[in-house]
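In the order they appear, the protein sequences are chains A and B.
If you're matching positions, the first sequence starts at 18 in my numbering and goes up one per residue.
If you're matching positions, the second sequence starts at 18 in my numbering and goes up one per residue.
Just so you know, these hints were derived from the structure itself, not from any lab.
All C-beta atoms, glycine included, are put in the ideal place defined by N, C-alpha and C.
Where hints are given, some of them may not hold.
[To be verified] Subject to a maximum C-alpha distance of 16 Å in a straight line, what follows is the list of computed EDC-like cross-link-like pairs (lysine to aspartate or glutamate):
#, chain 1, residue 1, chain 2, residue 2
1, B, K199, A, D251
2, B, K199, A, D252
3, A, K199, B, D252
4, A, K199, B, D251
[What the hints assert, rightly or not] Selected chain B positions facing chain A (in silico; Cβ < 7 Å):
#, residue
5, V231
6, M242
7, Y306
Residues per chain are reported as follows:
Protein chains: 2
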Amino acid sequence: MIQAQSVGIVAPQRADFAEPLKLRSGGQLDNYHLVFETYGTLNAERSNAVLVCHALSGSHHLAGHYATDPHDIGWWDNLIGPGKPLDTRKFFVIGVNNLGGCYGSSGPNQTNPATGRLWGADFPFVTVEDWVESQARLADHLGIERFAAVVGGSLGGMQALSWSLQFPERVGHVAVIAAAPKLTAQNIAFNEVARQAILSDPEFHGGHYYEHGVVPARGLKLARMVGHITYLSDDAMAEKFGRSLRHGRNTYSYDVEFEIESYLRYQGDKFAGYFDANTYLLTTKALDYFDPAFEYGGSLPAALARASADFLVVSFTTDWRFAPERSREIVYGLLHNKRNVSYAEIDCPAGHDSFLLDDTRYHALLSAWFDRIEV
Amino acid sequence: MIQAQSVGIVAPQRADFAEPLKLRSGGQLDNYHLVFETYGTLNAERSNAVLVCHALSGSHHLAGHYATDPHDIGWWDNLIGPGKPLDTRKFFVIGVNNLGGCYGSSGPNQTNPATGRLWGADFPFVTVEDWVESQARLADHLGIERFAAVVGGSLGGMQALSWSLQFPERVGHVAVIAAAPKLTAQNIAFNEVARQAILSDPEFHGGHYYEHGVVPARGLKLARMVGHITYLSDDAMAEKFGRSLRHGRNTYSYDVEFEIESYLRYQGDKFAGYFDANTYLLTTKALDYFDPAFEYGGSLPAALARASADFLVVSFTTDWRFAPERSREIVYGLLHNKRNVSYAEIDCPAGHDSFLLDDTRYHALLSAWFDRIEV
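Please build the complete structure, drawing on both the sequences and the hints.
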């Protein structure tokens, strides 16, 4: 085994699509573009491609860094690279910025070709299924008939699951990590608070804030703060911050007193500085809508009958956003259909965020799973 | 056993205090007033008084209704009245609006005697200990040397616990319901999101919104929405709302789609229409600060050594805001000191809100406990 390495300097690519994309909302994108990155080399048989789907605040930038900014490292760099669990010496790995995203693919902060102005709130609602459809067209564009694997965590895991249902013949293996087959009322409730924070920000301007030269930063900050609470476990927060007081005592003010306040404000401000509020809104809606069992009278086993891939399902014991029991619903649904599925429940203290971390057991598991995939 | 009845028509009273109250923040209230209600009759021995402390959004209006509004029923009316668990034929029950509250006691929406203007954000920070101190003065005012019991749920339970430590000789029994000996980092985090929602609302005006003829309704609404998520259990939300769609299908808009969204928006709007934002801020800070073990090197057993009352501690299995393990910390601390404590963990599905409901086992337990108190 070699020392794990970075994929090094990478650069985003862009693919333009002229064929209209019909959306689940009933709308349509007459044309659109996707920004993506690739790592490793597509083999002659075109059989070693792995698609990695991103979560709410993720992007196509999975690994390595940009020549212009060595600190802008991909969000799953600990997983992807030569000698890493998703080994780029074996696999050709692809990351795509989802439609409606804010990292270069067609979305609210991109120009609407029909008007010449930024889309803003006029960008249509997109669903997990729409994303998968657009990713399949990117695969066509790249000459990839079938993915060796489609992989994702959280909302990315929902896309991976949807791949197995929308294009069962085009995916050999699917890894669904820290995900759920649909949101609960509580999950939707947290998303709704985040949306109301953005929508009620006076600087939202009905989603056309770009034209006003402002961003709804207060709303986006609050949305991210709420999100962060759900990404961390109660225990991880207690361990990391507890009741630590910045000044060692109560100061009786609304400035930072407890360290957890500082952390949340910092994370919220940082996020509001780079993420797009319209994308946040669209993405939380895509999360809320995802429910492959809906068309099957609520029966997940019935919905999963279409799947033919070999599955890996992973959950984390301290994840209360998408708790292990939510992953087990997927596992039971697959087993009901006698599908090949491996399931691991990993005792990692970090909560939902665990899927992004390099917990030893988690990464060893992924290594073994990827190793077994024949390309 | 008689049929349980309402206490009927009630009216608030007011007590004015001219003796300065030193606050834990280092500040001082030179004079102040408290608004309160009483139910039942103080006996000749003045031995049958029960103080009920209120939680974040509660008030002194515990039971009955006002002559002017038969629908304005006290928040613990299901518990308090003739033939009810806290029986007003036996006990003289007192509810007090806490200092800093917004229901008539000295607080941000009351006149600052020193300036003749509303206090607004200039009202000093108040703590659980300050409230207990002011409640003790109200007891003096009413000629009550010793309470038969002090009772409260959530933040009210923290006040009841603090009574047992600040005035052990003045309270015979203490019921601490759905409470915790201190907030966790996650608890503080939720409070911080609520505060930032209010503080960042452009209509907050540094806490002097009254003078601008506005209220920070958007912030207060968001604060309440976040709060409501933590008051209900995941299961209760699933049971009550699930993924029910208002229109039976996705409408692809930011209007209400899922019923849970409607519920949260309604609760948020309603709350923003009657509650005071400055009181919300002050009260969340009082929650954050509460930590009787702090002065004892973090040792709750050491802190509880001062307590001499007989205790009832109650938690609810589905309460994830103040989970049963938080109540057990109090129980262990009391047992360590060989105090008399009964503990019940009630399997009620409603989450933190359970303490306000009339679950049969819960109310039977409280009935039995109050029955045993000799007055």
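Quick rundown of the hints versus the structure:
1. For the suggested pair K199 (chain B) and D251 (chain A), the alpha carbons sit about 14 Å apart, so the restraint of at most 16 Å is met.
2. Taking the CA atoms of K199 (chain B) and D252 (chain A), the gap is about 15 Å. The hint holds against a cut of 16 Å.
3. At roughly 15 Å between alpha-carbon atoms, K199 (chain A) and D252 (chain B) fall within 16 Å of each other, so this suggested pair holds.
4. Taking the CA atoms of K199 (chain A) and D251 (chain B), the gap is about 14 Å. The hint holds against a cut of 16 Å.
5. Taking 7 Å as the C-beta contact cut-off toward chain A, the hint placing V231 (chain B) at the interface is violated, the least distance being around 12 Å.
6. Against a cut-off of 7 Å between C-beta atoms, the interface hint on M242 (chain B) holds, since the closest Cβ of chain A lies about 5 Å away.
7. The criterion of a C-beta within 7 Å of any C-beta in chain A is met by Y306 (chain B), whose closest approach is roughly 6 Å, and the hint holds.
Violated hint for the displayed structure: number 5, the only one.
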